[in-house]
Amino acid sequence: MSEHSRTDRDDSGVSVPNPLRWIGVSALGLFAEVGRVARFSGGVIGAALSPPWYPGEVFRQIGRIGFYSLPVVGLSSIFIGAALALNIYTGGSRYGAEQFVPNIVVLGITRELGAVITGLMLAGRVSAGISAEIGAMRVTEQIDALKTLSASPERYLYAPRLIAALVTLPILVALSDIIGVMGGWLVSVQALGFDSTVYLRNTVDFVTWEDITAGLIKAVVFGAVIALMGCFHGDRSKAGATGVGRAATLSMVSAAVLVLALNYVMSTLFTEIGL
Amino acid sequence: MSAPLLELKDVIKSFGDNHVLRGVDIDVARGCSLVVLGGSGSGKSVMLKTALGLMTPDDGKIIFDGADVTFAGGREREEMRARIGMLFQSGALFDSLMVWENVAFRLIHSDGVKRAEAREKAIETLRKVHLGPSVADLRPAELSGGMQKRVALARAIITRPDLVFFDEPTTGLDPITADAINDLILDQVKALGAAAISITHDMASARKIADEIAMLHQGRIIWRGPASEIDRSGNDHVDQFVNGRAHGPIQPSL
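As given, the protein sequences belong to chains F and A, one line each in that order.
The opening residue of the first sequence carries number 14 in our numbering; numbering runs sequentially from there.
The opening residue of the second sequence carries number 6 in our numbering; numbering runs sequentially from there.
Think of the hints as simulated: they come from the structure by calculation, not from any bench.
Distance ranges between label pairs, derived from CB positions:
{"#": "1", "chain 1": "A", "residue 1": "D100", "chain 2": "F", "residue 2": "L88", "range": "27 to 35 Å"}
{"#": "2", "chain 1": "F", "residue 1": "G253", "chain 2": "A", "residue 2": "A146", "range": "14 to 22 Å"}
{"#": "3", "chain 1": "F", "residue 1": "K251", "chain 2": "A", "residue 2": "G249", "range": "28 to 36 Å"}
{"#": "4", "chain 1": "A", "residue 1": "G150", "chain 2": "F", "residue 2": "L33", "range": "53 to 61 Å"}
{"#": "5", "chain 1": "F", "residue 1": "V47", "chain 2": "A", "residue 2": "G117", "range": "35 to 43 Å"}
{"#": "6", "chain 1": "F", "residue 1": "G76", "chain 2": "A", "residue 2": "D116", "range": "25 to 33 Å"}
{"#": "7", "chain 1": "A", "residue 1": "R80", "chain 2": "F", "residue 2": "G55", "range": "17 to 25 Å"}
{"#": "8", "chain 1": "A", "residue 1": "V118", "chain 2": "F", "residue 2": "T262", "range": "36 to 44 Å"}
{"#": "9", "chain 1": "A", "residue 1": "E83", "chain 2": "F", "residue 2": "L213", "range": "55 to 63 Å"}
{"#": "10", "chain 1": "F", "residue 1": "V266", "chain 2": "A", "residue 2": "G150", "range": "33 to 41 Å"}
{"#": "11", "chain 1": "A", "residue 1": "N23", "chain 2": "F", "residue 2": "E46", "range": "16 to 24 Å"}
{"#": "12", "chain 1": "A", "residue 1": "R80", "chain 2": "F", "residue 2": "L83", "range": "38 to 46 Å"}
{"#": "13", "chain 1": "A", "residue 1": "D192", "chain 2": "F", "residue 2": "V38", "range": "51 to 59 Å"}
{"#": "14", "chain 1": "F", "residue 1": "L33", "chain 2": "A", "residue 2": "D63", "range": "28 to 36 Å"}
Subject to a maximum C-alpha distance of 27 Å in a straight line, what follows is the list of computed DSS-like cross-link-like pairs (lysine-lysine):
{"#": "15", "chain 1": "A", "residue 1": "K126", "chain 2": "F", "residue 2": "K160"}
{"#": "16", "chain 1": "A", "residue 1": "K54", "chain 2": "A", "residue 2": "K213"}
{"#": "17", "chain 1": "F", "residue 1": "K251", "chain 2": "F", "residue 2": "K160"}
{"#": "18", "chain 1": "A", "residue 1": "K133", "chain 2": "F", "residue 2": "K160"}
{"#": "19", "chain 1": "A", "residue 1": "K195", "chain 2": "A", "residue 2": "K133"}
{"#": "20", "chain 1": "A", "residue 1": "K195", "chain 2": "A", "residue 2": "K213"}
{"#": "21", "chain 1": "A", "residue 1": "K54", "chain 2": "F", "residue 2": "K160"}
{"#": "22", "chain 1": "F", "residue 1": "K160", "chain 2": "A", "residue 2": "K119"}
{"#": "23", "chain 1": "A", "residue 1": "K133", "chain 2": "A", "residue 2": "K119"}
{"#": "24", "chain 1": "A", "residue 1": "K14", "chain 2": "A", "residue 2": "K54"}
{"#": "25", "chain 1": "A", "residue 1": "K66", "chain 2": "F", "residue 2": "K160"}
{"#": "26", "chain 1": "A", "residue 1": "K195", "chain 2": "A", "residue 2": "K126"}
{"#": "27", "chain 1": "A", "residue 1": "K133", "chain 2": "A", "residue 2": "K213"}
{"#": "28", "chain 1": "F", "residue 1": "K160", "chain 2": "A", "residue 2": "K195"}
{"#": "29", "chain 1": "A", "residue 1": "K54", "chain 2": "A", "residue 2": "K66"}
{"#": "30", "chain 1": "A", "residue 1": "K54", "chain 2": "A", "residue 2": "K195"}
{"#": "31", "chain 1": "A", "residue 1": "K54", "chain 2": "F", "residue 2": "K251"}
{"#": "32", "chain 1": "A", "residue 1": "K14", "chain 2": "A", "residue 2": "K66"}
{"#": "33", "chain 1": "F", "residue 1": "K160", "chain 2": "A", "residue 2": "K14"}
Idealized CB from N, CA, C, for every residue including glycine.
Turn these sequences into a full structure, and let the hints guide you.
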């Protein structure tokens, strides 16, 4: 990718490594990449906010991104909720604090894990899927064909995926919250000896709207990251099966890392502002 | 001869150190079918993409119907594209859409035609490329290569464009299907009275569909003349290409 060599040649023609140069080139490359992502995202967000829209495409994407993600989100949430309850029980029992299992499960799920698990699963399922599809369209000239037919790829392909992800992620995270809590409840009642009614009562009394809102705000941000990374890497896909495969890998990795990093940033921010 | 519909003037395009177009001058008039010959890597596809505005040239001008469209954007670019049809090498059909939705794509998405009406128009256009209404509801992946090319041709001509580009229209087809595509191109271009620019390295196709032939070599047009003169070009490069010889002034790219 990089046109710059990592070494400099001195007058004698001997190549000497130059770490400062390498750091400089890498930093410039990183800034350039951030700039490209920002420019691309700006174009897609602009297209999503202004007509013409393609409602048919938006609904189709909501189905693909949202509906078909339900099994994977549901399964991962129930296991995470169950494992969380077990660990909190083990840790809590060292201080005689086992009764806080429902409280900490619901807090952990709504504020962090519901959104993070959904974000990570969709970084794999949706972001990689979008970039493979767009990448295949790019290498088979379908993107060029769209342009010659006066349909902009930003409007026809990318904006519907962004809108669909922004709409579906909060719904999926809300479901993940419920299923995650149920996972914790199930293991607590079945294996840890909790009373079902007491567990649920503690959960409902403890959780606040702020906890739920914090998770849903994260969901919206993760939705944007997942759709934009998929579209960005697909749009830049190089020719051939390797090119498309690489685009899918890059989008999945970058979306997952961004989900985790932004999750931390938002958690810090929410703590600061008391959300 | 009437004023040219499309003109490329001294168009230059490089990718890094790879100088693909080194000053291409070419023009095409209404009712004329121009075929541009060139080997692999001679810059044919890049020339087509710069002419269409899918790539911006580094230097030079592109003039469409008297207007400089080199850096045209927004509405001006859309107006130009509305008058141009393009047949992509691989067909470039949208595989998520049905055949008729592909053919009627521009009608539905850019011209605001109602779906029922667009469907009728698509079926009518499919008939022109000898495809029955039964293929209208299939997906492109369910069609053979030749049928996909015909669907792509229908999509390119449905709005009766003034200029049609054909990017290697016969590549990957058997000789009989290729000839059928050539016939369709001829019929449709003549029926539209449109200008046509085809790029190909298929000599049989070039002889059949061309009024004029030009040869692109190392990013420049090195010869141009009537199709009937192709065997008497007096140009070594053209002779080598027309007769398909590995030895001569052009080095085969291996």
